[in-house]
Amino acid sequence: MLDHVQTEKVSSAGIGEISMVAMTGCLGYGFTEQAFQRALDAGMDFIGCDAGSMDPGPYYLGEGIPFVSREASKRDLSIMLEGAIAHGIPLLIGTSGGGGGEPHLAFTRQLVEEIAAEKGLHFKMAMVHSELGQDYLLKKVRAGKVRPLGPIGELTEDDVRNTHRVVAMMGVEPYHEALKAGAQVILAGRSSDAAIYAAIPTMRGADPGLAWHLGKVIECAGAVVEPKIGQDCVIGRLHNSDFVVEPGHPDKCCPRIRIAAHTLYENPSPYHLIEPSGTLDTTGSTYEQIDPRSVKVAGSKMHLADVYTVKLEGVKRLGFRTMFIAGIRDPGLISQMDTYISTNTAKVAEEAAGMGIADSDYTLTYRIYGRNAVMGSLEPVKETQAHEVGLLVDCIAKDEATSRMILAKARYCCLHNDFPGRMCISGNLAFPFSPSDISVGWVYSFHIWHVMELEDPLEPFPIELVEV
Amino acid sequence: MALLKNLAKVIRSKNAGALQLTLDVMFADEATYTRVRDSDALNAHQVAFLYGISHNKVSVIPYDVAYAIKVTIPRAAPSGDPTDSDVYGAQQHAPLLDIVVPD
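Residue numbers (the numbering used here), protein chains in the order written: chain W, -13 to 454; chain E, 7 to 109.
No lab work stands behind these hints, which were simulated from the structure alone.
Heads up, some of the hints might be wrong.
Label pairs and their computed distance ranges (CB to CB) [unchecked claim]:
#1 W:Glu19 to E:Asp35: 35 to 41 Å
#2 E:His61 to W:Asp237: 43 to 49 Å
#3 E:His61 to W:Gly130: 27 to 33 Å
#4 E:Asp46 to W:Gly29: 49 to 55 Å
#5 W:Phe405 to E:Asp35: 49 to 55 Å
#6 W:Glu99 to E:Lys63: 44 to 50 Å
#7 W:Ala(-1) to E:Ala8: 54 to 60 Å
#8 W:Ala372 to E:Leu9: 20 to 26 Å
#9 E:Asp35 to W:Ser412: 55 to 61 Å
#10 W:His289 to E:Lys15: 28 to 34 Å
#11 W:Ser412 to E:Thr89: 29 to 35 Å
#12 W:Glu100 to E:Lys15: 43 to 49 Å
#13 W:Glu19 to E:Asp109: 50 to 56 Å
Note that the Cβ used here is the ideal one computed from N, Cα and C, for glycine as well.
In isolation and in its complexed conformation, chain E is listed as follows (with noise of 0.2 Å):
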């Protein structure tokens, strides 16, 4: 097993819209992409626990051409509301790091 954080090369959040946000993640070759995506570990269960969100309320895209898995889902407040705390949604990925991805 491996975490995610030592498997891909990309991990990054950003405002999908203000109310949105989508987190991206990468990888450097079709052969860890695939692992990675037929692994399952990333998949709605998995983000909603980490982002406290029901898990049909998240979208989980893989994207074959630039071996990337893109997961969306909703803000808790939209960009710059007087709760929120990231207005670029851009340091929302840290929970992402440490999935474990299996063998």
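Isolated chain W (complex conformation) (with noise of 0.2 Å):
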């Protein structure tokens, strides 16, 4: 048996009840103080906050840096910390800092630090690591022991050397261990959204799919609520064969049709969630619209996998891009784009050519809103009757002085090159801003989204204790 199996065994005794808020869909996006003071007075077992995500894309893992700022970040923190310590409940923050990397984790780590210090507050704190080395990966690689999740090919041990960071997503285990050494305030890597929710549950007994299908409805906070304005509190009680969401604030309601829907958001089946653990399965699963605030859920089952498994997110940097943006007016130039960028395409790797750099050496995206820039081959509007388009240009190449060389050439070509037809020669694009040519930042992209098997869900995920 492993060692999760045991973790999330239900208690004969039962659990009464276990009540947690969630502050917000993540951290730095902000709540209402009413909501969870009203939270609070109805007494909290914990508070959780998701404070990550990787639908911001890649960039953010890679370079080690949140999606929000560092000042909303520090807000929201501020006021969930006093609250706990106030109260002397857990604080739980999934996915520290964006990616739940070690710069995401240290970035959090001072925040709390500075608002401990600020505000003279005192508390064991553990961070959870959560990033990966390579030397780790390439044993696991190895042995088999990793596999693609959804459409990307077997990791190659060359994928792991060309990783710039790669983060595992913890479950329930790695809370429980900061928990029983003593923590009251969790700053874990990179984790399952759920599983900041279903980790206390999980530890006193509950029902493993009614602590996990409430972590995944509360997870995003105020999605759940009505009127959707900016983000807020939510509060979830579980009991021993159900439990019941509400709003944290006294003048919104939580729908049931926002309840049951919850589960379809981002995720490819709303019946069959998978977690480190096993599959949350919510075919069964009843939604009752309680009293007009409050719905209650019942029936979801937690099915423990064989074979515990965590996903792993890794990026590779592929370059340093620049950009420009203008817009083009002409009716004569914009019926004919496609010539253009191929005419302008082919001068550009002539001049490149020249100063010694291969068109293998960078790339060069040509994108045209107005036509197709949204949706590229798949845009079913062939013909566009727009007056006018937007013309991006991007050049990523290995550093930012090539990749600035390239893109101010680009510029050059498709602002005064001759096309059939110019009327208007002095110039074919109207720029908004000088400079035209803005350095945008390094890229990365996802080459690593696979699940790794492990034999103790505790292995990648390093446990740091500190006094606060």
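From the two separate chains plus the hints, produce the assembled complex.
Structure, rendered in structure tokens:
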């Protein structure tokens, strides 16, 4: 038997009620103090908050920075820390810093320590690390413990060596360890969103199906609340055979349909949701509006897996991106964008070659807003009726200097080159800004989107305890 | 007959992870939901045609409790890749709007 099977064992004595407040969809997205205070007054067993996502793309994991502002994160964290310490209850933060990598965790730790110093707060804190070293991952790949999660190839040893940063997504077990070690505040690295809320209940012997489903429902906090204006706290109350969800704010409500619909959100299936320890099955779940503000859910099951798996998310660095954006209003040019672009691309390649840069050393991409920049070849509307289009050109090259050099060539060609029937011979582009060329930053791509088998759910998640 | 956009309350697209796109079509009431679900207008072959992929890569799941039909397909490129055009996958729903639902 694996450890996790025991850690998610249902208590025969029952759990009574375990109550929790999910602060906001993402640390830094905000919540009302009124909603939080109401939750605290009602007596919560713990506070949870998700702080990250891979939805904003590979850049933030690669760069090691959050996708929300430091100031907004500090505001949210400050209020929840004070609440947790004043009420003597745990505060669990998942996917710290946005990506859960080492710099993300360090960012969040620094914020917490800054707030604690300013407010005179003292507590025991656990940091649960989740960034993997290449040697560790290579061993797992060689042992055949890693496999694709969705439409992506097998992970190769070269992929691992080309990795800029990779994290593993933890389940509830590292939280259990941190809590057993006496931590009141847990800053977790990359974490299953639902695990933030399932951790304490599964530790106390709650039904894992209900615990995980409740976690799933409230992990985006205010997303299940109406009116949906900004983010806000949501309260979950877990019992032996059901759970109840209600908004923290007295003027808001949780409609049944929003609670039921939430398992659709960002998941491939609303019925089967895969977590490290198994699959949450909502096939038999029932959703009942018990009062205008609250919904009761029952019947959810957790099918524990034979093999414990954690998701891996990793990025490699592709190069440096620069870009310009410009408008085109000339009807003659709009009608022949394809040849205009291919002519310019060829000219840029010729000029680059003259400076010793092969066309394989850079990627130049043209996006025509007003035509098909959003859907590309899938765009069902083939002929644009637009009287103006937006041209976004970006260049990815090995470093900033090369990227800027190629982009400047592309800008000159696009601005000044002739095309058949050209009447406005002074320039083809309307630039909204000076400077026109913008350094965007390093470019990363997700090349690891896999699962890794584990015999010990704690193995890749070292826990560091500190007294704040 | 009617167009899907005139029957649904929500037609949305979003990433389901970095490699998949999920499209949710949601209805305001059970009758409309059942009509569309049972019409089979939103089937794997139709979605495959609209999104230029093979029908065996399309998953269509009716979700009765929320009056919703969920469609999941592979992304053409991972979220944020140089050839990707929609990092969140939030504007890939348009081809579904004009699906014809028979009476």
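- Against the earlier hints, flag every one the structure doesn't satisfy and list their numbers going up. none
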